[in-house]
Amino acid sequence: MATKTVFAPLPDDPRYMDMAYDIQGAESEEQRNFLSNLKPEEREVAVKFWKAVKEDHRFNDYLRGCLNCGVCTSSCPAAKFYDFGPREMIQYMMRDAVDKIWEFTNKKVWACVQCFTCSMRCPFNNEIAGLIMVLREYSVRFALPSAKEILAPYRRILLTVITTGNQVTPDMIQPDTFPDWGPQAVEESKNMTVYRQAVPVDLLQRTDVGWHASLQTAVEMMTIFVESGVIEYLKGVDKDLYDMIMDIYEERKQTLEDLKEKWEKGELNEDELPDSWLDM
Amino acid sequence: MVNGEKLAQENVEKKMNEEIKDAFPMSDGLTWDDIYQRVIYRYGSPHNLAHIKEELYKLEDKGEIIVHHIKPYNNPMEFQSLNGLTKKIPTTKLWQHKSCGQCGHIPGYPTSVFWIMNKLEVDYLDEPHQTSCTGWNYHASGASNPVALAGVYVRNMWRAYETDYFPLIHCGTSFGHYKEVRNSIILEKEIRDKLRPIMRKMDMDIVVPEEVVHYSEWMYAMSKKAAAQKKYDVSNMKAAVHTPCHIYKLVPEDTIYDGEVWQGRRPAAPSGTVQNFGAKLVDYSTWWDCCGFGFRHILTEREFTRSFALFKKVMPAVNEGHADIFVTSDTGCVTTLDKSQWAGKAHGFDYNLPVLADAQFGAILMGADPYTVGQIHWHATDVEGFMRKIGVPVDDYKEKFIQYLQDLREGKAEPQYLYPKHRKIDFYLTLPERVSWYKKQGGQANK
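Listed in order, the protein sequences are those of chains A and B.
Counted the way our numbering counts, the first sequence spans residues 79 to 358.
Counted the way our numbering counts, the second sequence spans residues 185 to 631.
Just so you know, these hints were derived from the structure itself, not from any lab.
All C-beta atoms in this analysis are idealised placements derived from N, C-alpha and C, irrespective of residue type, glycine included.
A portion of the hints provided could be inaccurate.
To be verified - With a straight-line Cα cutoff of 16 angstroms, these simulated EDC-like cross-link-like pairs (lysine to aspartate or glutamate) come out:
#1 B/LYS605 to A/GLU345
#2 B/LYS422 to B/GLU487
#3 A/LYS158 to B/GLU487
What the hints assert, rightly or not - Label-pair ranges, simulated between beta-carbon atoms:
#4 B/LYS422 to A/LYS126: 53 to 61 angstroms
#5 B/GLY247 to A/ASP357: 37 to 45 angstroms
#6 A/ALA230 to B/LYS605: 36 to 44 angstroms
#7 A/CYS147 to B/GLN447: 23 to 31 angstroms
#8 A/THR255 to B/GLY247: 29 to 37 angstroms
#9 B/ASP566 to A/SER114: 52 to 60 angstroms
#10 B/LEU304 to A/GLY307: 51 to 59 angstroms
#11 A/LYS126 to B/LYS205: 52 to 60 angstroms
#12 A/LYS313 to B/LYS415: 55 to 63 angstroms
#13 B/TYR601 to A/VAL125: 38 to 46 angstroms
#14 A/PRO223 to B/ASN420: 54 to 62 angstroms
Using the sequences plus the hints, can you model the full thing?
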């Protein structure tokens with residue numbers, strides 16, 4: 079007579095097999111101490127960070143529920159290449175798992191390509207890519223190590239967009255930085271001046287800006303970044319960049335005020351100005 | 185069925201049709217399935233477009249914001265958005281909101297838009313008083329906040345408002361991002377309260393245009409008129425289209441659809457433009473997928489971008505759709521799809537599928553010089569090969585262009601312009617009389 083197989087009973091609580099945690103056990107989420115998974119020196123900032131994210135007006139607007147259906151991750155371009163998935167982020171948010179949110183923000187959040195496919199397809203109408211942006215934004219505000227690491231190779235772009243009003247410049251395409259763009263890019267970079275001259279719009283003829291914004295426009299852009307507090311966040315992430323932008327801002331603001339004053343008094347001699355304020 | 189019941193049934197159907205017509209004014213030509221999809225979008229999203237518009241006009245009535253309306257002299261055309269609401273597309277008197285990446289790395293993109301506008305005698309204004317929307321920076325780095333994003337949007341919109349030209353957004357990210365920012369300004373009092381003092385510092389107030397309009401929507405609206413001027417036949421050409429994510433996935437309900445294009449199940453632009461110019465639209469399984477741009481990835485993590493663009497977009501377009509050309513309608517997508525193919529050669533993936541923006545595609549077909557206007561020499565893929573297939577005298581154009589470059593270098597030629605050059609002072613100050621000065625110069629139209 080065959081021996082009857084006896085299976086050990088499984089607990090009723092489905093959270094028993096919560097694969098998000100290294101140690102599996104019957105402990106329910108209510109009992110689980112999320113803080114115990116954080117390094118002691120990180121606990122305070124992790125809690126503050128998560129509290130700030132939850133208090134942002136967008137958080138409740140963007141997070142509406144989760145079926146755990148995985149439609150988001152199944153269509154996610156970044157999930158095909160990285161250890162990243164929007165579903166896991168939504169699940170951590172739903173559970174209020176400060177430890178996992180902390181880990182996700184420091185390791186994975188920058189993998190997202192912001193295509194918004196997940197947001198469009200989510201049956202719960204979660205604005206998933208928007209939630210990722212909230213995490214990224216607060217990681218810059220809190221000057222988290224991942225933000226510093228990510229922004230280090232990006233600082234020239236930040237300087238350009240804030241001080242000139244343009245995100246990219248034609249002359250950033252250099253053979254040593256964009257070799258994968260092929261021989262065409264090398265040819266362009268060698269003869270950039272004449273190629274730009276052959277673009278039939280005067281605003282597009284410089285090599286150091288995408289289009290030529292006016293001095294007043296550039297100063298207004300910096301004013302918005304200063305007054306809205308964005309520049310203050312940069313102080314924590316990249317102090318040198320912050321100092322550089324503030325110096326440029328003060329100088330250009332003064333130049334603009336002087337020019338405006340002269341213009342209003344009818345004392346501005348246009349011929350004495352260089353063709354571009356970028357050459358001043 | 186007795187007569188009474190039949191009559192009651194007919195009344196129900198009549199009433200239902202009236203209600204549908206009322207709820208979806210542009211429902212003619214749509215099937216029940218299409219209407220069902222739109223019902224889901226209209227009522228599925230908590231901040232649907234109808235609600236946003238309603239709140240916008242309430243704020244205008246209260247005097248909290250200024251609305252930049254589309255006027256009859258903007259010659260608007262009406263289309264339907266994803267949820268079946270009417271979206272107005274102004275077709276003339278347009279303020280050009282340029283794109284960083286287009287102007288920086290694909291200059292033939294904006295110049296093709298301007299050239300087509302000249303050909304169609306569209307009134308437009310392109311000024312040095314515009315900044316980036318900063319959306320690329322935001323999505324890449326997170327180094328911004330909702331008030332700064334709103335400030336950048338409103339400052340640009342103010343500059344358009346004071347000229348009375350309606351803003352036309354060139355970049356797909358700017359378009360999607362501005363739709364999102366517009367919604368946040370309308371729905372969040374806190375943002376308006378923080379924004380107003382910042383705008384006051386610049387002698388501005390909060391302006392929100394009635395519609396956020398992408399140039400590809402304008403291009404689609406004008407495509408039949410533009411195609412009437414085409415010089416080359418593309419009926420034997422197979423065109424794969426990539427619809428940019430930020431056009432239709434970011435605030436999805438505010439993008440135009442048309443029953444004539446993919447049965448109204450995919451955005452009208454740029455597929456409809458390609459179709460109206462006579463090319464054969466081909467399908468491929470990853471039509472809905474991202475191009476791989478990634479915002480941060482294209483700049484600092486391009487191994488992802490290259491692989492994604494090649495394996496998930498270019499290869500399916502060629503292997504499944506047998507495409508001769510890839511047409512798209514956004515900065516990042518043109519850059520990514522075009523620049524990511526060359527590196528693939530090192531691994532034996534030599535596809536070299538030419539990539540063009542819908543505006544460049546249209547301008548070239550309408551007879552624009554592919555070098556001085558289309559600026560196709562900035563592209564890495566074989567655009568010349570595509571032009572040879574459709575009969576463009578590429579070699580003649582190229583020879584002339586090389587001579588032009590030589591003359592520019594030696595100072596023997598003056599640069600050519602699509603519209604009159606700005607004054608020196610316009611590069612410094614934003615003067616109120618700038619529009620009247622510009623008009624005295626004869627405006628745009630190739631003068």
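**Q.** Hint consistency between A/LYS158 and B/GLU487 [alpha-carbon to alpha-carbon, up to 16 angstroms]
**A.** Holds. A/LYS158 to B/GLU487 sits at ~13 angstroms (cutoff 16 angstroms).
Q. Honestly, do B/LEU304 and A/GLY307 meet the 51 to 59 angstroms range at C-beta?
A. Given about 44 angstroms between the Cβ atoms, the range is violated.
Q | Distance restraint hint 52 to 60 angstroms, applied to the beta-carbon atoms of B/ASP566 and A/SER114 | A | Hint holds: Cβ distance 59 angstroms, inside 52 to 60 angstroms.
Q) Are the Cα atoms of B/LYS605 and A/GLU345 separated by 16 angstroms or less? A) Given pair B/LYS605, A/GLU345 is violated - Cα atoms ~24 angstroms apart, limit 16 angstroms.
Q: With 54 to 62 angstroms as the target window, see if A/PRO223 and B/ASN420 comply at their CB atoms.
A: Holds, since A/PRO223 and B/ASN420 (Cβ atoms, about 56 angstroms apart) stay within the stated range.
Q. Lying within 53 to 61 angstroms: is that true of the beta-carbon distance B/LYS422 to A/LYS126?
A. 56 angstroms, holds
Q. Would you say the C-beta atoms of A/LYS313 and B/LYS415 sit inside 55 to 63 angstroms of each other?
A. 56 angstroms, holds
**Q.** Beta-carbon spacing of A/THR255 to B/GLY247 - inside the hinted bounds 29 to 37 angstroms or not
**A.** Distance hint for A/THR255, B/GLY247 is violated at roughly 50 angstroms.
Q. Is B/LYS422 close enough to B/GLU487, meaning Cα to Cα at most 16 angstroms?
A. Answer violated: B/LYS422 to B/GLU487 is near 29 angstroms, above 16 angstroms.
Q: Check the following: the C-beta atoms of A/CYS147 and B/GLN447 are separated by a distance inside 23 to 31 angstroms.
A: 27 angstroms, holds
**Q.** Whether the CB-CB distance between B/TYR601 and A/VAL125 falls inside 38 to 46 angstroms
**A.** 59 angstroms, violated
Q.
If I claimed the Cβ atoms of A/LYS126 and B/LYS205 lie 52 to 60 angstroms apart, would that claim hold in this structure?
A. 54 angstroms, holds
In summary, the numbered hints that this structure violates are 1, 2, 8, 10, 13.
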